[in-house]
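**Q** Chains A and B, in that order, give the protein sequences. Position one of the first sequence corresponds to residue 1 (UniProt numbering), numbered consecutively onward. Position one of the second sequence corresponds to residue 1 (UniProt numbering), numbered consecutively onward.
Honestly, I wouldn't trust all of these hints.
Copies of the same chain are indistinguishable here, so a pair counts whether it falls within one copy or spans any two.
[Unchecked claim] Heads up, simulated SDA-like pairs for lysine to any residue below, C-alpha to C-alpha not over 25 Å straight-line:
(1) K23 to R49
(2) K51 to R34
(3) K51 to Q37
(4) K51 to E41
(5) K55 to R5
(6) K23 to A93
(7) K52 to Y123
(8) K132 to D181
(9) K23 to E65
(10) K55 to R34
(11) K52 to E15
(12) K129 to E58
(13) K198 to N116
(14) K198 to T188
(15) K23 to G179
Hints listed in this document are in silico derivations from the structure and should not be mistaken for laboratory results.
2 protein chains.
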Amino acid sequence: MRSIRPIQRLVDQLEGLPGIGPKTAQRLAYYMLRFPQDRLERFAEAVERLKKDTKMCERCFNVDEESPCRICSDRGRNSSQICVVETPLDLLALERSDGYTGVYHVLHGVINPLNNIGPNDIYLPQLLKRIKEEQVDELIIATNPSMEGEATAMYIADKVKEMGEKVRVTRIGRGLPTGADLEYADDTTLSRAMEGRKEME
Amino acid sequence: MRSIRPIQRLVDQLEGLPGIGPKTAQRLAYYMLRFPQDRLERFAEAVERLKKDTKMCERCFNVDEESPCRICSDRGRNSSQICVVETPLDLLALERSDGYTGVYHVLHGVINPLNNIGPNDIYLPQLLKRIKEEQVDELIIATNPSMEGEATAMYIADKVKEMGEKVRVTRIGRGLPTGADLEYADDTTLSRAMEGRKEME
Chain A
1 MRSIRPIQRL
11 VDQLEGLPGI
21 GPKTAQRLAY
31 YMLRFPQDRL
41 ERFAEAVERL
51 KKDTKMCERC
61 FNVDEESPCR
71 ICSDRGRNSS
81 QICVVETPLD
91 LLALERSDGY
101 TGVYHVLHGV
111 INPLNNIGPN
121 DIYLPQLLKR
131 IKEEQVDELI
141 IATNPSMEGE
151 ATAMYIADKV
161 KEMGEKVRVT
171 RIGRGLPTGA
181 DLEYADDTTL
191 SRAMEGRKEM
201 E
Chain B
1 MRSIRPIQRL
11 VDQLEGLPGI
21 GPKTAQRLAY
31 YMLRFPQDRL
41 ERFAEAVERL
51 KKDTKMCERC
61 FNVDEESPCR
71 ICSDRGRNSS
81 QICVVETPLD
91 LLALERSDGY
101 TGVYHVLHGV
111 INPLNNIGPN
121 DIYLPQLLKR
131 IKEEQVDELI
141 IATNPSMEGE
151 ATAMYIADKV
161 KEMGEKVRVT
171 RIGRGLPTGA
181 DLEYADDTTL
191 SRAMEGRKEM
201 E
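Starting from the given sequences, assemble the full structure and let the hints guide the process.
**A** Below, the structure written as structure tokens:
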């Protein structure tokens, strides 16, 4: 039987999401057929407005409703301390752990030569510019404790040293098991890791 | 940190889907932030049009673009043979297995007293009406081989017997392991089950 177009169109979109295969996509689409139309409309609107109603912070590249983001514009935060994370979800995880009062810089990725992602393909030049222009005392590198995350951390540390800026570069404490995903760490582990950060030499 | 509303709105919708928890919903929403706007718009449209562009077949209650559905209006199909399934996805699975040339009846559920679903809460009265009004030679009951599926099959067989119609009532062959889901069975198992159907007494 050839496919039912309105259902197939949704299946195709759902299949484009990570972790959702063809079977699951089909199941979800048929499940959604049972929703009332106004629920489907709210869903559609949420998808359609997602990017329109969000901005990327011009300073730290976090995603928020306004730019600069609420963290960058919060005068209670210590802007001389920058925590570098891979993704906005990592930032959210650290915020939830509730131990950090500095600001952030979101790289939106890591250096990954195998996938052809170099330092200029992530928001790393912007970070170096910030270090040059802003009054930064400490740079906490909180990329994931994976191969790429470590390599990116090393690269940043080297670059900052080259620049000759008087910035203390630290790496988030290895309370996190190697290969784990920062986003899924529990709050205590994240707090510990924040406390246990150490100088990079 | 309070949540970012446009993202939270999408997270709420995604969380309403089966098998998607809060963490996954958040991941998906942030993943979708990287889509170009036109892709989000196609996605939104697929959600919004899903029900508008589909109809429930007035005869067999399958979901299709027109009513009667393409199976009911296909004159090459044997309309005196009705296969009863729980959901449109079960129908699709049987169509894929490619051994069946009759028509269908989709119940959209099973009798489930624990969830307060009785015979009149699914499309069962409509099935009995079809048996009375149409020229039916065989009724193949292909509900899932679960507790509720078996109970529903028994209920239908009893009802048809009560009606005194000269209809052969068969149950899909138990090539399927008990408790399994019809939708996920492989094509050969489904074909075998179709062939191995047996009289209900």
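**Q** Now look at each hint and say whether the structure bears it out.
**A** Hint check results:
Proximity of K23 to R49 under the C-alpha cut-off of 25 Å is restricted to the inter-copy arrangement: shortest distance 21 Å between copies versus 28 Å within a copy. For a Cα distance limit of 25 Å, the shortest separation of K51 from R34 across copies, 9 Å, qualifies, whereas the shortest one inside one copy, 27 Å, does not. Within a single copy, K51 and Q37 get their C-alpha atoms as close as 23 Å, and across copies as close as 7 Å, so both meet the 25 Å cut-off. For the homomeric pair K51 and E41, the shortest alpha-carbon distances inside one copy (17 Å) and between copies (10 Å) are both at most 25 Å.
In this assembly of identical chains, K55 and R5 lie within 25 Å of each other by CA distance solely across copies; the values are 12 Å between and 34 Å within a copy. Taking the shortest Cα distances, K23 and A93 sit within 25 Å of each other only across copies (11 Å), while inside one copy they are farther apart (31 Å). In this assembly of identical chains, the alpha carbons of K52 and Y123 lie at most 25 Å apart only when taken from the same copy (21 Å versus 43 Å across copies). In the homo-oligomer, the alpha carbons of K132 and D181 never lie at most 25 Å apart, since the shortest distance is 30 Å inside one protomer and 61 Å across protomers.
Taking the shortest alpha-carbon separations for K23 and E65, only the inter-copy value of 21 Å comes in at or below 25 Å, while the best intra-copy value is 35 Å. With identical chains, the CA atoms of K55 and R34 are at most 25 Å apart between copies only, with a shortest distance of 12 Å across copies and 34 Å within one. When the C-alpha separation of K52 and E15 is checked against a cutoff of 25 Å, the pair qualifies both within a copy, at 23 Å, and between copies, at 21 Å. Taking the shortest alpha-carbon separations for K129 and E58, only the intra-copy value of 12 Å comes in at or below 25 Å, while the best inter-copy value is 66 Å.
For the identical chains of this complex, K198 and N116 are neighbours neither inside a copy (30 Å) nor across copies (60 Å), given an alpha-carbon limit of 25 Å. With identical chains, the CA atoms of K198 and T188 are at most 25 Å apart within one copy only, with a shortest distance of 18 Å there and 60 Å across copies. In this assembly of identical chains, K23 and G179 lie within 25 Å of each other by CA distance solely across copies; the values are 19 Å between and 29 Å within a copy.
When held up to the earlier numbered hints, the structure conflicts with 8 and 13 and fits the remainder.
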